[in-house]
Amino acid sequence: MVKNRRIWGWFFFDWASQPYHTVLLTFIFGPYFVSVAQGAFESGGANPDVAKSNAQGMWSFGLTLTGLLIGLSAPFLGALADTARRRMPWIAAFSLMFVMGATGLWWAMPDGSNLWWALISFGFGFIGAEFALIFTNAQLPGLGSRQDIGRISGSGFAFGYLGGLIALILVLVLLVEQPNGKTIAGLTPLFGLDAEGREGTRFAGPFTAIWFAVFMIPYFLWVRESAGTRERASFGAARDSLVRAVRGLAKRPSLTAFLGGSMLYRDALNALYGFGGTYATLVLGWSTTRVGIFGIVSVIAAAGLSYVGGLLDRKFGPKPVIVASILGLVGVCGLIL
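Under the working numbering, the letters of the sequence shown match residues -18 to 318, in that order.
Please keep in mind that the hints were generated in silico from the structure rather than gathered at the bench. Misleading hints may appear alongside valid ones.
Taking CB as the label site, the calculated pair distances span [as the list claims (entries may be wrong)]:
hint, residue 1, residue 2, range
1, L121, L151, 27 to 37 Å
2, L308, G162, 42 to 52 Å
3, P301, S41, 30 to 40 Å
4, A166, P234, 47 to 57 Å
5, G312, S215, 38 to 48 Å
6, G25, V224, 45 to 55 Å
7, G123, P29, 45 to 55 Å
8, F172, A249, 18 to 28 Å
9, G266, E206, 41 to 51 Å
10, F172, L292, 38 to 48 Å
11, A27, L121, 15 to 25 Å
12, G229, D30, 29 to 39 Å
13, V224, F172, 48 to 58 Å
14, L292, P29, 44 to 54 Å
In this text the structure is predicted, and so the values were computed from the model without any measurement. Backbone N, C-alpha and C define an ideal beta-carbon position, used for all residues, glycine too.
Between the sequences and the hints, there should be enough to build the whole structure, so can you do that?
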C-alpha cells in the first residue's frame, strides 16, 4: 500500500508539471507570444514577413538560451542527485522557480511592451521545471523492480499527459478569449478577465502555477526520502562522480552511443514542442484557440501512446520501443513536409 502510494505520488509530479509544456510552451503561451511579438515588430515599421521572422527568432533565442543553461547544468545536477540522494529540498527550490516563472507570464502585455520580461519569466520557470524533473527522475529506480521501471515511467508520462489535457481544456473553455471576446464554450473569461486586454490568455501562466502548487501536494506527502538519505549534498562528490562517469564512457561504447542518440532525438522532440505551436500561428495563421484545440487531440494521442509504450517496454525492452517511436516520428514529419 505504501509503495503504491509512493508511485502515485511520483506520478503526480508529471500531472502537476505537464501544463508548463502543454499549456505554456506549445499550445497557448508560445503562440500568444509570437503573435504579440509579430504585432509589436509591425508597429515598429517592419513588414509582415520580417515581423514574423523576428518574432520567431526572438522565441527561438529564448528557447536556445534556456536549453543551453539546462543542458550545461543537467549533468552536474544529475550527479548531485545521485551522490547526495537528498532530493526533496532541491525539488522544492526548483518548484518555486516553476511557480514564479509561470506567474510572471501574467505581465506579458498584448501591446508587446515587455516582450523580454515575458521571455525571461518563461525561461526561468522552464528551467525550474526541467531541473526538478532531473531530481524526480533520479527517484525512479527506487519505485520498483528493474523490469517494472519502464511500465512505471510510461504510466507516469500517460498520467502527466492526462493532467496536461485537462488543464488545456480548462484553459480553453474558461480563460482563452476568441476575437468575439468569448471562450470556445461561448463563456465570458473567468473572474471577469478583460478579453480586450487578452487577460484570459495571459492568466494561463498563473493558472499553470496554481495547478502545479495544488497537485504537488500529493507528491510531497507521499514520496518520502528514506531515513538513510539525509546526508547533505556534496558538490565535490558530485563533481568527482561526474568526472568518473565521463571518463568511463570510453569503456562503455553502448552507453556512449545511447547518450549521443538520445541527445539528437531529444533535440528533435524539443524542436517540435517548442516550435509546433508557433509555426501553426505564424505560418498557418491559426488562432491561439485553434492551436489549443489541436493540442487537445495531440495530448490525447500522447497520453494513450505513453501508456502503451510503457507496457511494450516491459515486454520487449526499451530499445525496440525507442527505435519504433523515432521511426514513427520521422514518418509523420515526412508526411507533413
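Here's how the hints hold up against the structure:
The hinted range of 27 to 37 Å is satisfied by L121 and L151, whose Cβ atoms lie roughly 29 Å apart. Between L308 and G162 the C-beta distance comes to about 45 Å, which sits within the given range of 42 to 52 Å. Against the hinted window of 30 to 40 Å, the Cβ-Cβ separation of P301 and S41 comes to about 34 Å, which satisfies the hint. Between A166 and P234 the CB atoms are about 55 Å apart, so this pair conforms to the stated range of 47 to 57 Å.
For G312 and S215, the hinted distance range of 38 to 48 Å is satisfied, since their beta carbons lie about 46 Å from each other. About 49 Å separates the C-beta atoms of G25 and V224, a value consistent with the hinted range of 45 to 55 Å. Hint check: G123 to P29, Cβ distance near 54 Å, so the stated range 45 to 55 Å holds. One distance hint, 18 to 28 Å for the beta-carbon pair F172 and A249, is violated here, with the actual separation near 39 Å.
For the hinted restraint 41 to 51 Å between G266 and E206, the CB-CB distance of approximately 50 Å keeps it satisfied. Taken as a hint, the range 38 to 48 Å holds for the pair F172 and L292, whose Cβ atoms sit roughly 41 Å apart. At about 47 Å, the beta-carbon gap between A27 and L121 misses the expected band of 15 to 25 Å. In this structure the supplied range 29 to 39 Å is violated for G229 paired with D30, their Cβ-Cβ distance being about 50 Å.
Distance hint check: the CB atoms of V224 and F172 are about 52 Å apart, consistent with the given range 48 to 58 Å. A beta carbon spacing of about 48 Å between L292 and P29 agrees with the range 44 to 54 Å that was offered as a hint.
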